[in-house]
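*Asks:* Using the sequences plus the hints, can you model the full thing?
Taken in order, the sequence shown gives residues 0 to 335; the numbers are from numbering that gives the first Met the number 0.
Please note that the accuracy of each hint is not assured.
Calculated pairs, PhoX-like style, for lysine-lysine (alpha carbon to alpha carbon, straight line, at most 20 Å) [what the hints assert, rightly or not]:
| id | residue 1 | residue 2 |
| --- | --- | --- |
| 1 | LYS94 | LYS215 |
| 2 | LYS128 | LYS266 |
| 3 | LYS52 | LYS34 |
| 4 | LYS314 | LYS332 |
| 5 | LYS104 | LYS94 |
| 6 | LYS314 | LYS52 |
| 7 | LYS128 | LYS104 |
| 8 | LYS114 | LYS104 |
| 9 | LYS34 | LYS74 |
| 10 | LYS215 | LYS266 |
| 11 | LYS215 | LYS128 |
| 12 | LYS332 | LYS322 |
| 13 | LYS128 | LYS94 |
| 14 | LYS150 | LYS104 |
| 15 | LYS52 | LYS74 |
Label pairs and their in silico Cβ distance ranges [to be verified]:
| id | residue 1 | residue 2 | range |
| --- | --- | --- | --- |
| 16 | LYS74 | LYS114 | 29 to 39 Å |
| 17 | PHE188 | PRO283 | 17 to 27 Å |
| 18 | LYS322 | PHE163 | 51 to 61 Å |
| 19 | GLY12 | ARG47 | 16 to 26 Å |
| 20 | ASN42 | GLY155 | 52 to 62 Å |
| 21 | SER317 | THR77 | 31 to 41 Å |
It should be emphasised that the hints constitute simulated quantities derived from the structure, not laboratory data.
We put the beta carbon where it would ideally sit given N, CA and C, even for glycine.
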Amino acid sequence: MPHGASASVGIGGHATIGGLGMHSRLYGAALDVWKETEVVLANGTIIRASESKNSDVFWALRGAGASFGIVTEFKFQTYPEPEEVVNFQFTLVSKDSSELADFFKIGQEIMRGDKSLDRRFSTTAVVQKNILTFSGAFFGPADDYLELNLKQRFAGAQNITETFNLTWTEHLERLFKATETLFPHQEYFDSLGTAIDFATLPNNDTIDRVFQYLQKQDPGSDEWFGLLDYYGGALRDAETSATAFPHRDLAYLFAIYVVTQQPTTRKTTEYVDRAILEIQDHKPERYLNYAGYGNLRIPTPQQTYWGPNLPRLEKIKSMVDGKDIFSTPDGVKPLH
0 MPHGASASVG
10 IGGHATIGGL
20 GMHSRLYGAA
30 LDVWKETEVV
40 LANGTIIRAS
50 ESKNSDVFWA
60 LRGAGASFGI
70 VTEFKFQTYP
80 EPEEVVNFQF
90 TLVSKDSSEL
100 ADFFKIGQEI
110 MRGDKSLDRR
120 FSTTAVVQKN
130 ILTFSGAFFG
140 PADDYLELNL
150 KQRFAGAQNI
160 TETFNLTWTE
170 HLERLFKATE
180 TLFPHQEYFD
190 SLGTAIDFAT
200 LPNNDTIDRV
210 FQYLQKQDPG
220 SDEWFGLLDY
230 YGGALRDAET
240 SATAFPHRDL
250 AYLFAIYVVT
260 QQPTTRKTTE
270 YVDRAILEIQ
280 DHKPERYLNY
290 AGYGNLRIPT
300 PQQTYWGPNL
310 PRLEKIKSMV
320 DGKDIFSTPD
330 GVKPLH
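*Replies:* This is the structure we're talking about:
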């Protein structure tokens, strides 16, 4: 089933806001395979919810769950594990921001052809100081993976790793080991993210400016990285209104992290804010945000999280939690 790769995120927070991960191009989001649930409502009652029972609550839970109840049971649809998995990694090291930008454009062009791209292909890009890496997995046999011609497409990479004939378990062990070393644990960090859909993919000039900014500006720390998770595929099969989660045309999530040994500074905050504005081409009103990348620095976070689904969410909230018992600053609010 679709799932994430961060060991510090539990299934409750993951599935109830979306549930995106390496398998989303193949199977959609975790909430797409969430078929039934038990939930405690604000008045203390316990109900079962599915598409055929308490369907409004079930719809709202799948994308905005924290505002509607405490989920005590999940039932998911699962799929057979792939018989073979290929892991790959293509890395470019360069002090020239334009070379890094051109390398990134290759990955974006691959994803631009999403509708014809094998859904078994999944990739993530990580940008750091003077480094850009595309890594991921192909959930199928080596011969099918080789038809993607990734070595030829990423010909400029200095470091290439391809690991064939992995079992499903071996792939998961490698995946969680990699993310464990990427995300900070006992440190301070500032982060911000945005959702980039296929209609608003950045053009080449914007990509050039983003990489020039990331590489040249001072983030207030030596430790920073940008994370780009690519989607499309099965995620686009559902309509925007199918669940509370609205990001059905999602091309990738772009997030910036700056890690510091001491509490973060204004310089750090300004760096991540400006990085997001750069990839949005300084037009943030055109972009939605994923609720998994909460942002209280924008005036209307609810609108950017849930977009056209917000009015229905507010009506359901008014019916099941009119006193806003399950309240967060950027959560769904009841109508008054």
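*Asks:* Evaluate each hint against the coordinates.
*Replies:* Going through the hints against the structure:
1. LYS94 with LYS215: Cα-Cα ~10 Å, so holds.
2. LYS128 with LYS266: Cα-Cα ~17 Å, so holds.
3. LYS52 with LYS34: holds (11 Å)
4. LYS314 with LYS332: holds (9 Å)
5. LYS104 with LYS94: With Cα atoms ~17 Å apart, LYS104 and LYS94 stay inside 20 Å; holds.
6. LYS314 with LYS52: holds (18 Å)
7. LYS128 with LYS104: holds (18 Å)
8. LYS114 with LYS104: Measuring from Cα to Cα gives roughly 18 Å; hence the hint holds.
9. LYS34 with LYS74: holds (6 Å)
10. LYS215 with LYS266: holds (14 Å)
11. LYS215 with LYS128: holds (9 Å)
12. LYS332 with LYS322: Holds. LYS332 to LYS322 sits at ~9 Å (cutoff 20 Å).
13. LYS128 with LYS94: holds (8 Å)
14. LYS150 with LYS104: holds (15 Å)
15. LYS52 with LYS74: Judged against 20 Å, a Cα distance of about 14 Å means the pair holds.
16. LYS74 with LYS114: 29 to 39 Å: Given about 31 Å between the Cβ atoms, the range holds.
17. PHE188 with PRO283: 17 to 27 Å: Check passed, 22 Å falls within 17 to 27 Å.
18. LYS322 with PHE163: 51 to 61 Å: holds (56 Å)
19. GLY12 with ARG47: 16 to 26 Å: holds (21 Å)
20. ASN42 with GLY155: 52 to 62 Å: holds (60 Å)
21. SER317 with THR77: 31 to 41 Å: holds (35 Å)
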